[in-house]
Amino acid sequence: MGGYLAKRALLALAVAVTVSLVNFTMVLLSGDIAVSIAGPTATYEQLERIRRDLGLDQPIVVQYLRWLGNAVRGDFGDSLFYRTPVADLILERLPVTLTLGISAIVFTILVAIPLGVVAALRPNSWIDRAALSLAVAGQAMPSFWFGLMLIVLFSVMFPILPPSGAESWEYFIMPTVVLGYSAMPAVMRLTRSGMIEVLTSDYIRTAYAKGLRHFKVLFKHALRNAVIPVVSLAAVQFGYMLAGSIIVESIFALHGTGFLAWEAMKTADLPVVQAILFVFSLFYIVLTFLSDMLNAWLDPRIRIG
Amino acid sequence: MAIRSIRQGGTAIAAAALVALATGSAWAGKKDDTLNIGWSRVVESNDVYFNQGVREGMIVGRLLWDNLVERNPTTGQYEPLLATSYKWVNETTLDLELRQGVKFHNGAAFTAEDVVYTLNWTSNPDNKVAVPIMVNWIKNAEKLGDYSVRINLKQPFPAALEYLNAAIPIYPHEYYAKVGTKGMSEAPVGTGPYTASNVQPGRTITLTKNPNYIVGGPKGTPTIGKIVQRTIAEEQTQVAELLSGRLDWMWNATPDTADNLRKRPNLTVVDGETMRIGFISFNANGTGGANPMQDIRVRKAVAHAIDREGITKALIRGSARVIPSACYPTQFGCAQDIPQYAYDPAKAKALLAEAGFANGLDIDLFGYLDRPHTEAIMNQLRQVGIRPNLQWLQFGPMFAAMQQGKAPFTHLTTGAWSINDVSITLRGSFAGGPWDIARDQQVIDLVLGADKIVDQAKRADLYKQVLTRINEQVYWLPLNTYYITYAFTSELDFTPHPDEVARFYQSKWK
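Just so you know, the sequences run in chain order A and B. Heads up: the first sequence is residues 1 to 305, going by my numbering. Heads up: the second sequence is residues 1001 to 1510, going by my numbering.
Calculated from the structure, these hints are not laboratory results. Please note that a few of the clues may not be correct.
[As the list claims (entries may be wrong)] In the SDA-like style, the derived pairs of lysine to any residue whose C-alpha atoms are separated by at most 20 Å in a straight line are:
1) B/1128 to A/52
2) A/7 to A/262
3) A/266 to B/1201
4) B/1406 to A/34
Build the full structure now, drawing on both the sequences and the hints.
As structure tokens, then:
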């Protein structure tokens, strides 16, 4: 296990460095940071001075190493737009995105796993097909459209939920449903296939033979095993949700990091774009690493193979 | 871009659904004397010297602070605000007498110290205000007495009063020195008609009527008790907020949304022309390498190929109109009787052939803001054989491409920072700075010369010469004005103005 852990950790580190390099280079090539800082009324001399002061006249490798050195210490520089440290901005906005992401993954799990279990109990029946249709609809619907329709229904037609903002928990209900719904098919289908496989295994037959009740066999013996790969999938989905909240945050006026990323792209606030991409990449890499470890711990064939 | 197209797709669906389904809503604004306003643009800082001149920042700025003078939007006259009178001592010296008895929101008395500090601090290049062109004409300010100041100019600058009116609010000197720009953004203190609370820069701000506000001033006396501003990125979410009664005012409604909102009995929808103008800028001097737009015949061909009147009526609609020169008609010096290019595709083709492009040409067209309009222009250019390859970018990269000479021609807009004097546009774009891609020495000399002339007739004449040469050489092709659609509860008495500064301190409940 130790060797496997070290190998995966090294791989994760290599991915992090590669992602940071690609991220840094692409963002740098997408615009001139000196122009953004100087503004539209600057002179050539001011532009050149800014380029010199920021080291933008240095080779990209030198610029990258300096940026990475600062980034690992949590220093992403100042936002060109807000003129405050990027790290402060991200920390200030992260609670909204984390609240949304955690709520959405909990919603996904609470809905998709029972649906998967129900579908697995009657494979290819109308219940199975209905559960699958319900889940797939979540993936098929564009989140902006789904979000707007929820607003029409629950804020305008039947005004029981606020359409935008983040003042209290009610404000997170619709964004949670929109973000969580899109991740349901994967979780639901994995639960379904896992349950179908487990329900046909010998130990389940033995459990029934021992005279255990159906409910107990289903939830104590079958689901506990079937849900193992779902947990690691959910970890990865959680990473997707954090990074994929841009549209949802925009529609529901939640001022989290997703909205910050969108605004930063619009205003060519390159330090913010770089930092958010880097931070979300790290989230994703860490969550993938943890899910690998979980899988390896649960299934010895992975770590031995 | 993907998000933009998704949004556009959703606009019609959502707007139709909202209008069809919405039930009557309880308009809470008037009832609790709170005006809820929303807009999509994030204002980076409430410190107006550190936002990029966006109108939303100006709107909040005018509520919180006062300028020395205030231009009456109806008469165009400069009326005394924090200054009670002004006098030009000579071409570079402006003396002002200040209003007495005015207090900042924190209780500090307004005096000459505040004016001197504000002007000296903001005009000091080391402090790097966001739009230095607003203050870089000031040499310094000095105190003549507790309530009188002198502003020394670097050189004659006749538009000084317009700049003092539009963009130079006076800050409390002790407070600003103590808290800095971050502190001022998070806890703004001014002399304006409203005070700030619950400030989350870029997200929300609550403004409460200032009971000690100047009586008899040009801004009037505020009547609405509280204004709550929220930043809501999505237009359709704003519409939902408006229809559910949680929002009382929004602006920048797109034409489809506006048409739907007009059907609502309890909403007022108004189109207001703005000072924003659209134009095409050409890389005429070949900065960054040779390009076809260096040939004036090609530039003229573009000018003749575009049906400006047709596009403006069909696409921009509202109160937008075609402009003959590269400025808003009410701006001082914005001459209207200068050479024009009629829509004439045959002439455009002939000019192209004469320039050696009988078979047409493929060329990059850059743009960043008004895509439907840009695409309409592209269609008309294709009719005469100019095949544009659209480079659609965000403002920063687009500006860099222009500055580096990579953009042969670019579809742009400018709102002139709401300055009602053409100097703001010409100083920025034709005086040899980074925006000046024409780099025509004759134009540069004329613009810099006009800056220094106090005689308004002579100054207007020089600007006319500049605008004439810009049109003759087709450095810019002026296109149209824009308009903004405002939607608000019918219980609100609100008047829009072309400078895009919503004056909520003059609004009232009906």
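Verification of the supplied hints:
no.	hint	result
1	B/1128 to A/52	holds (17 Å)
2	A/7 to A/262	violated (35 Å)
3	A/266 to B/1201	holds (18 Å)
4	B/1406 to A/34	holds (17 Å)
Going through the hint list in order, the structure does not satisfy hint 2, though it satisfies all others.
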